[in-house]
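Trainee: Sequence:
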Amino acid sequence: MSAQWGRQVDHGGPVMSLQERVKQLRKEHGWSQGELAERVGGDPAQISRYENGRITPSADAVVKLAEVFDVSTDYLLVEDSPRRPFRGAEDALGERLGTIGELSAEDLTLLLGFLDALVTKNRLKALAGGVS
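Numbering-wise, this note's numbering puts 114 at position 114 of the sequence shown, and it's gapless, one number per residue.
Because the hints were derived from the structure by calculation, they are not lab data.
One or more hints might be untrue.
Simulated DEER-style distance windows between Cβ atoms [claimed, not checked]:
{"id": "1", "residue 1": "Ser58", "residue 2": "His29", "range": "18 to 26 angstroms"}
{"id": "2", "residue 1": "Asp74", "residue 2": "Arg54", "range": "20 to 28 angstroms"}
{"id": "3", "residue 1": "Ala128", "residue 2": "Asp80", "range": "38 to 46 angstroms"}
Lysine-lysine pairs mimicking DSBU-like chemistry, simulated, CA-CA at most 30 angstroms apart [to be verified]:
{"id": "4", "residue 1": "Lys125", "residue 2": "Lys27"}
{"id": "5", "residue 1": "Lys23", "residue 2": "Lys64"}
{"id": "6", "residue 1": "Lys27", "residue 2": "Lys64"}
{"id": "7", "residue 1": "Lys64", "residue 2": "Lys121"}
Note that beta-carbon positions come from the ideal geometry of N, C-alpha and C, so glycine has one too.
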């Protein structure tokens, strides 16, 4: 385990890791590992491995867990993040747009390049008959 797991923060309470939060939220909802697995489209063994820290959920799995538990992805991933309801990608993007002023000129250039690449990728997919 890394030093970050189980460390304390200024407010004096224990900070929970991703594995601990998944287990706590599952128990709060009164679900077995099997029930949670059904809700996220996984299997009970996978949920067990998340809770025991043997594997880390993929980014997609974290989003699905956040959606099922109705908490933010930050709450699952960031140890001292406050508990907030799940917000869809568009809401989260809108919230983050408010922080663009904090980025350096170099970071803004990178962000614009990334956005252009995503738009181009989706246009090419659409032209090829794929779903964007």
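Trainee: Quick one: which hint numbers does this structure break? Sort them smallest to largest.
Mentor: Violated: hint 4 alone.
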